[in-house]
Every structure is written in structure tokens, then in C-alpha cells.
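Undergrad: The primary structure of each chain is shown beneath.
2 protein chains.
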Amino acid sequence: MYLTQSLRRMAQIAPDRLATVDGTDRRTWAQVTDRTARLAGGLAGLGVGQGDRVAILALNSARYMEAYFAIPWIGAAVVPFNTRWTLEELSYGLNDARPDVLMVDAQFLPMLPDLRRRYPGLRHVIFLNSSRAPDPGLPADVLDYEDLVARSRPAPVLPVPGETMAAICYTGGTTGLSKGVMLSHLAIWASSVALSTDYADLASEGTIFLHAMPLFHSGGSGVLFATTIAGGIHIFHPGFDPKAILQTIQDEKVTHTQLVPTMVRMVLDQPDFDSFDVSTLKTLIYGAAPMTQAQISETAAKLPHVGLQQGYGQTEMAPYISSLLPRHHKDPTKLRSAGVAGLCTDIIVADDAQRELPRGEVGEVLVRGPQMMLGYWEKPEETAKAMVGGWIRTGDAGFMDEDGFVFLIDRLKDMIVTGGENVYSTEVENAVALHPAVASCVVIGVPSDKWGEQVHAIVIARKDHAATPDEIIVHCRQHISGYKVPRSVEFRTDPFPVSGAGKILKREIRKLYWEGRETSLA
Amino acid sequence: MYLTQSLRRMAQIAPDRLATVDGTDRRTWAQVTDRTARLAGGLAGLGVGQGDRVAILALNSARYMEAYFAIPWIGAAVVPFNTRWTLEELSYGLNDARPDVLMVDAQFLPMLPDLRRRYPGLRHVIFLNSSRAPDPGLPADVLDYEDLVARSRPAPVLPVPGETMAAICYTGGTTGLSKGVMLSHLAIWASSVALSTDYADLASEGTIFLHAMPLFHSGGSGVLFATTIAGGIHIFHPGFDPKAILQTIQDEKVTHTQLVPTMVRMVLDQPDFDSFDVSTLKTLIYGAAPMTQAQISETAAKLPHVGLQQGYGQTEMAPYISSLLPRHHKDPTKLRSAGVAGLCTDIIVADDAQRELPRGEVGEVLVRGPQMMLGYWEKPEETAKAMVGGWIRTGDAGFMDEDGFVFLIDRLKDMIVTGGENVYSTEVENAVALHPAVASCVVIGVPSDKWGEQVHAIVIARKDHAATPDEIIVHCRQHISGYKVPRSVEFRTDPFPVSGAGKILKREIRKLYWEGRETSLA
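Protein sequences appear in the order of chains A and P.
Anchor point for the first sequence: position 180 equals 180 in the numbering used here, and the numbering is continuous, going up by one each time.
Anchor point for the second sequence: position 418 equals 1418 in the numbering used here, and the numbering is continuous, going up by one each time.
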């Protein structure tokens, strides 16, 4: 009842106001809420009930949003699958979460026979890309979304306690088996209401949010729920396309969007950037990595009217932990931090016994709040490792300064100084990761007599994919400046070493290259 | 852990920023948080633990706020007593809530021997008006607040589940026995975070909130917690003094305050109003009653830069239900409504079987959300009557219009048309209630050949107090315009008739006077 309340509230107080835009589909709050209630009714008619799971494997769309509300509407849990997962990983996810129903879009429909073979428990499949008239080419065992919505009656809202599981979101994956993070109605609501307030002008009137980051990720779904609480208009892009982003900002008068720093650069670097009117944009949220002072200056030069906001989160916190607000960006000493505690976050840096350390001392970042996960799905041992003494262990080493800003060591160490230029590994990793053959990657600085450090990428290839080091380097040149492009690329097959909390231990990887030498940050 | 997180967060991210102002006492977030943790430690040292109750009987102060956080800090529940309660009522409250500790200020210290006699369970009393040096005149069995804080070590935060009871707040009282509303950490947090977002500029930087409404009331404590979440500065007035309010707005550059409409008028009517600089005020929140179009126009004329915001709440909802935002005040057809659903409120108008009625039809207003009470303290039958099918019955009859605005019939009926002038009963009731002899009162329109309706007050006097009708009328003349002053005052001893949910049934009272006649609103 928590999660779906925001939708019903908007249908109650602004029934005729625009709610979602997806290509040529434009719907009001009354329409979206009615469709959601009918989809919920349709799912209930298929036998989905309290505690059951419904998986989604799809690119972003307005229907994805409706599903995000319809499934908890009847007390079931959404299982949003990573769209970059391989058949192997999807098969694992299906057999782990055991959903009764899978919602799938055109992009992934061809995988269906394989998925059914690997997971015979699938009772129903719903096709998301339906148009008004059901697609005659749709397999007989696949239901048409619009048809289901049209012929179903609105389901009554099931009042559930706040602790009721509303989603299972898979994290990691680089470490072998993904863990399903169980998020309650309360957790997602608390994270989202805090986001809608902290991301201050999100809650102001007239918010128009462009969703270009994947909705399967808790970073994407977090702003989806927050924007609904705030009553903003949702604009959906199926994926990231820098030119389409500029076009949509202009056409729809977008006020907010969220991107990773590499994407920000790609948008700003569009050759015809200046021909678009982006004056409506108020806030640009970036996550996953800090921005360099240089990139902030460049962004401010091209978007002088836009506030930059950095979010730090984890799926286990549904996902909101902390943020670096627009006003914090004015202080260069804070730019490499993950900002300050979010509105509902308790955050400390602690020793191994969960005792808070004095400011400036390095320890593990621990977090808690109403947005905490219920635990890992069917993994009590992993849960016990991650939730200790009422805290969630982030697995991130860091320190807090006197002003409450959290600095993550791996992010700090992630800066490579090469030929006098600062390069953030994360930015390079984001670029490398855009190559279709890359399953995961780590970018570090390795010793170089010429450059001091040189940018080095270590890549684990996707199954059944291959690439040469040169292909990766050529690919990166399209996305980032020359000095940031890896000088060397290495492929490995072993998984990266990870911490107990599942974080890649870059310092372990770095050690192999720096044994016997000094690094700038110990 | 929910409730106290906001305080610790402010101490973490803004330790040296001003947090509270109480007379000449000015303290930072670091100081307030340290004092709160020490008070919590002191209470723990007195044996207060999880599930225990600590009562407060005091006027507003910065120490009252510290107590509001210190008590839940160790898992105990705050019991804020109504400062207008008689000895009889206090005795009932003490024996009902059974607190181990009572915090009391100078105003109520003289009642202590009587209170101890009536409730022998009191183990400790803490005196709130202490100065740096303990008062030598303090009774031996009373602890000095500052002394306790100074000699106690900060208590560790007790991580408690969100459903843990954080407060017992008494409601009603006109109906014989008050009920203790049990509010959880989650309920108060949810209501407060919604207030801090909905009361939009409360969450913006630079909020300075003047607390002149009693903190024992959930309307007062709601904005206390909301302002803390928002990181605003708290200014405390012990009670309502219209001239002091103007002085403080000027001196402290107050941005927000909350008053009832009668108080707003008294502030605006100060003879030297124009000599004060009130340009910093951004939002004026009023509750308990709607404002007439005339009063809104007058207020806008005197405070053209100020947004008016009306809140509708109930203690059972911790207390936030709905609000009429500043922009809603531009539409005269909405002014008599209670606004639209708050950020976390599900609200419907329903029939006796909790089925939602079509818009415009009159039924009972039902509400639900994460801010719902746990129930009434040790009153399972009353709880079962108030919480039905997952909803809280407000006891208010009303309807919802097509735009989601809630209109409460008793408020609508509460308008008296006398000699062509509109008079809101609530405004008159507020004025009557300021007389020290009045325990409770109802103001209605009764038939008048001359005026159509005339303003009539029915008063239940406080025990051991007396007043004549003329005294009440003379008293009212000081507070409200002549045409609003009751033409007639009647005293009664029987309690007013109430609904199952404890609301005074004005229509029953009105009936006695209108039998056989037509009223404008049936």
C-alpha cells in the first residue's frame, strides 16, 4: 500500500495532468492509475498473489513503470532483470527468484524458448511492446499486455504491512552468483521520499524527468518512484542515446535527468549540441562515479543554469545513501566525496566491531535507515554477513571529514595521474563497459616510466563474445578524451577478487602491478 | 532509530550551525545532539528503558525539544500532557500512561505534591527551567535538568524497529476519558518527512521556524520533527503572545510559523504591526479551521509576500492528513476545504462498509498511510472502532470534489450567516476557548428573526472555574470582530454528544435549536 499510494494520490489530485510520455504514447495520471489497477487485476487473474514474483526483462518504457506499480499493488514482488545479462545469468535469476510470470519486450522475445527450457516454472509471459491491436505474430503462449489490461477489471489495493516484500533486485554478478536484494514497500518508499525531498527541486511543481538510465537498476527505479511521489512527468527512453536526449530535453521541456559522468560527456560532446534548447533543464543527477573538477567546469560552461547533483547508493539501501548537492559542487575539496547523509540515512565509518571511528580515520562505511533491505533472497548466510548490529556493511572503505562528507577510498584511489593529467578509473570503466563484448572490467593505473602511471584496463569478456585489446581501445576513443583511453588492455577469465560484501577489491588487483613500488595513496 | 536519526544527521553535516533559540539560549546542532544523548543517558541511569514512558508537563522550550528526542533515543515513549488539563485530567493521564518519570517546568511545579498524591507511581521528577547553577529552592525530590545532562554520559542509540512506540499523545477529553494515541517511530517520521516536503519551502535552505503552538499537541510536535528533518532553525516561544511573535519574526528573521486563524488575526491586529519588519516570513501555516475569504484577503494585504498553508490532521495520523497549499488559496472555491491528500496519505470518502463513494457524495473521511497510529493505549475496543479494514475513521463527515479536495461537512456547516456576514464557528470557538474558565465549547448559529442566524456559544466550564455569559462576550470582543462575537452564551454541564470516533456531533446540538425549521445546509 505504501508504494502504490503515490500513484493513486496523483490520480486523485491531478487526474488529467500528464503523467507519462513514451514515444507517441502520452497518458494522464488517471489513465496510468487505471491501467495499473487493471494490469494488477490481470495478474491476479493469472493467479499471481501475495508473496509471488513477477519478473521483467525489458528496456525502459511507460509499461515498465505500470508494471512496477501493478505488481506490488496485489502484494507480489517485482523482479527486474538486468538487460545485459547473458542467457546463463537470466537462467540463474529465473531459477533463483522463481517467478510465475515474466514480462518481456521485443528485444528479448527471441530468448523466450531458451528461457522456458532453462526455467520450466514460467507459467505466463506478457509481451510489453504490444500496440492497440494484438500482434498477430506473437507466439501462442505469450499474452499481449494491452489485451490483458483491456480485458481485466481494476484490482482492489491490497493493504499490506510496510515490511512486505515489493521487489527482488539482483546485484553484483561479477562475483559468480548474484544476490537477490529483497526490498520492502517501506524501504523503497523511504528511499524515494527522501530522494524527492533531498533532490530538492524534484518535489517542486513542474518536474519533468527523463529516464535514460535503466529502470531495472535501483538507481533508475529510485528516481522513478521519487518522481511519482513528487508528481512529476515521466519521459521514457528505451536506452541511452546522446542525441535523442538533447532532442527530448528540447521537445518535452525536461527539467531533470540522471546519467553517469561518461554519458554526460557524450551528451555535451554532441557536434550539434548548441542547436538544441536545453534551457528548461534544472538538475542533472549523476551517479556511479565522481566528476573531475575539469568535467564539472566543462559541464558548468555548457549548462550554466543547471545544478549538478551526485548520488551514492546501493541496491541494499533501495538505493539512497548520500548525495553531493548542487551547492556542494562549489567547494573543490568536496568533489571527490560521495556527499553527505541522505535525509533518512544514518551513516558512520566504523572499525570491524561496528564502532564509529574518529573523523578522518579510514574504516568501513556502515549505513542504516528505513530504506534498508529485508535481506538477500534465500541467502541467510550472505544476509548475516551484510547486516551486522543493525547496520548494512557497504563493503566500501572510506572516511568522513569534519563536515560529514563521506570519501570512499576506492574512488580516491581510482584516480590515475598520467602525464600530469587526472583520470578517474570509473569514467574509463564506464566507457570500456559500453563495448558489447565486455562483461565486467577494472581500470587501474600501472607503473610507467614515461607517464608515471598509465591507464590499464583489465577485462572479463562476455560469454560467446570476443574482442581484441585494439578493438577496446578504438571503442574508447569514441567516448572519452585521448589521454583517458587505456594504453593497455588485458583479458582475464578468473573473476575479480571481491570483499565479503561483494565489492571488487581494486587494491588487491593494483598490488600485483605495484609490488615493491610506492603508490601515491597507500 | 528513525526519529532520532534526523538530529544525528544534522550534528554530522552541520555541527556548528544554529539549531535552537530559546530566549537567550542559542545552541548548535552538535550541542543539541550532545545534550540530547546525555539526557538520554541520564534517563537510562534513572532506570528508564525500552517500552517505558516519560511524561512532560511544560510550556514550549528548547529543553522540551531535547526531551522529545532523548526519550525515543533509548526506546522509551514520550507522553506530552496538555498544559490546559486540570488536576483531575492530569491525574487520569498519569494513572493511564503510568510514566516512571515526569518532566515539569516552573509553571506546573506547584502541582507536584498533588500529582504525586494522585499518582504514587512517579519515581523521578525532572525540573525543566533549570539554569546553569541548580536552583537551591528546588524540592529535594526533584532533579535538575541541566545537572542531569551535565553529569550523564551520552547514551548509545538503541536501534529499534520502526513500529516501536515513540509517543503516547492524548486526544479528546471533551468526551469524558481521553484516549492515549500510540505513535510509532515510523508514524511520526513518515508524517514529518511528508510535512517537510509538502510544506515545500520548509525543506529548502535557511528555514527558521517559530514554534508558538503548543508542543504537547501533535500539530506542534509534527512541525518540530519536520523542521529537524529539514535542518531548519527552531525558535521557541513558551506560548502565544502576538506582540512577541512580531518581535521574534523581526529579530530572528523567522521564515515559517504556525498559528490558528484567530491568532493570525490577533497578530495582524497589533496596533504597531507596521513598525515590525516581517519581510523574512515566507510561509504562514494555519490549522484547526479554514480562513474566510475575507481573512485571507486581509492577511494577503498585510503580508503580501507570505504563502498561506492550511493543514488538516489528527493525532491518530501523527498528525498529517492533508493540506491546502499556498497555490490552492488562489481558488476561492477551495478555501473552505481541508485541501488535498498529503504526500503519504491515502484518503477516501466512504460508506459504512468502507467502500469509496463517488465524488461529491457525503460519507465518512477515511485515511491510512505509514503515519497511522499503532492504536489507543490499553483501549483495544476503542482501537477496533477507530481502525477498520486498514483505515482510520476520522469521524469527520465530508465529500471529495473532482480535484481531490476534501470538504468536511462540520466545517461547512460551521459557517453561520448572520446579518449577511459569514462567521466561521471555529474562529469564534477558538476565541471563546481562550477564556481561562472554558473547558470546551461549541458555537453554532441559532434562529434569529432579526439576523437570520445569530452566533450562539455553548460552554462547558472548567472544574473549579466560573464565568458569566457577559464575561465570555467581553472576552471575545478582545479577540474577534464585533459581528462574530456570540450574541448569547449558554453553560452546560453534560458532555457534548460525540460520534463513535469521538468527534463532537454539532448537527445533534444544532437540531435542538432548529427543530421544525430549515437550515441552509441540511
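Take these hints with a grain of salt, some might be off.
[As the list claims (entries may be wrong)] Have a look at the derived ranges for each label pair, beta carbon to beta carbon:
(1) P/Ser1275 x A/Gly390: 50 to 58 Å
(2) P/Tyr1483 x A/Lys330: 52 to 60 Å
(3) P/Ser1275 x A/Ser279: 54 to 62 Å
(4) A/Gly23 x P/Asp1251: 30 to 38 Å
(5) P/Gln1354 x A/Gln293: 32 to 40 Å
(6) A/Gly390 x P/Glu1356: 38 to 46 Å
(7) P/Asn1095 x A/Val498: 41 to 49 Å
[Said to hold, decoys possible] Pairs of lysine to any residue, SDA-like flavour, derived with a Cα cap of 20 Å:
(8) A/Lys282 x P/Glu1205
(9) P/Lys1330 x A/Gly206
(10) A/Lys243 x A/Leu281
[Unchecked claim] Which stretches of chain P does chain A cover? Using the computed rule of at least three CB atoms under 8 Å from a CB of chain A, they are:
(11) 1336-1348
(12) 1441-1448
For the record, the hints were derived by calculation from the structure and aren't laboratory data.
Just so you know, even glycine gets a beta-carbon here, dropped at the ideal spot from N, CA and C.
Undergrad: Cut-off 8 Å, C-beta pairs, minimum 3 residues; does the coverage of the stretch 1336-1348 of chain P by chain A stand?
TA: holds (count 7)
Undergrad: Does the beta carbon distance between A/Gly23 and P/Asp1251 stay inside 30 to 38 Å, or does it fall outside?
TA: 57 Å, violated
Undergrad: Holds or violated: 38 to 46 Å for the Cβ distance of A/Gly390 and P/Glu1356?
TA: Roughly 40 Å apart at Cβ, these two residues keep to the hinted range, so it holds.
Undergrad: Mind checking the alpha carbons of A/Lys282 and P/Glu1205 for me, to see if they're no more than 20 Å apart?
TA: 17 Å, holds
Undergrad: Decide if the proposed pair is consistent with the structure: A/Lys243 and A/Leu281, CA atoms, cutoff 20 Å inclusive.
TA: It holds: about 15 Å lies between the C-alpha atoms, which stays within 20 Å.
Undergrad: Tell me if the beta carbons of P/Gln1354 and A/Gln293 are separated by a distance inside 32 to 40 Å.
TA: 58 Å, violated
Undergrad: Looking only at beta-carbon atoms, does the pair P/Ser1275, A/Ser279 fall within the given range of 54 to 62 Å?
TA: 44 Å, violated
Undergrad: Does 41 to 49 Å hold as the CB distance between P/Asn1095 and A/Val498, or does it fail?
TA: Since the Cβ atoms of P/Asn1095 and A/Val498 sit about 59 Å apart, the hinted range of 41 to 49 Å is violated.
Undergrad: Could you check the hint for me, namely that P/Ser1275 and A/Gly390 are 50 to 58 Å apart, CB to CB?
TA: 54 Å, holds
Undergrad: Would the pair P/Lys1330 and A/Gly206 pass a check requiring their Cα atoms to be no farther apart than 20 Å?
TA: Status holds; Cα separation ~18 Å.
Undergrad: For the stretch 1441-1448 of chain P, do at least 3 residues have a Cβ located nearer than 8 Å to some Cβ of chain A?
TA: violated (count 0)
Undergrad: In this structure, is the beta-carbon distance linking P/Tyr1483 and A/Lys330 contained in 52 to 60 Å?
TA: 56 Å, holds
When the structure is compared with the earlier hints, violations turn up for hints 3, 4, 5, 7, 12 and for no others.
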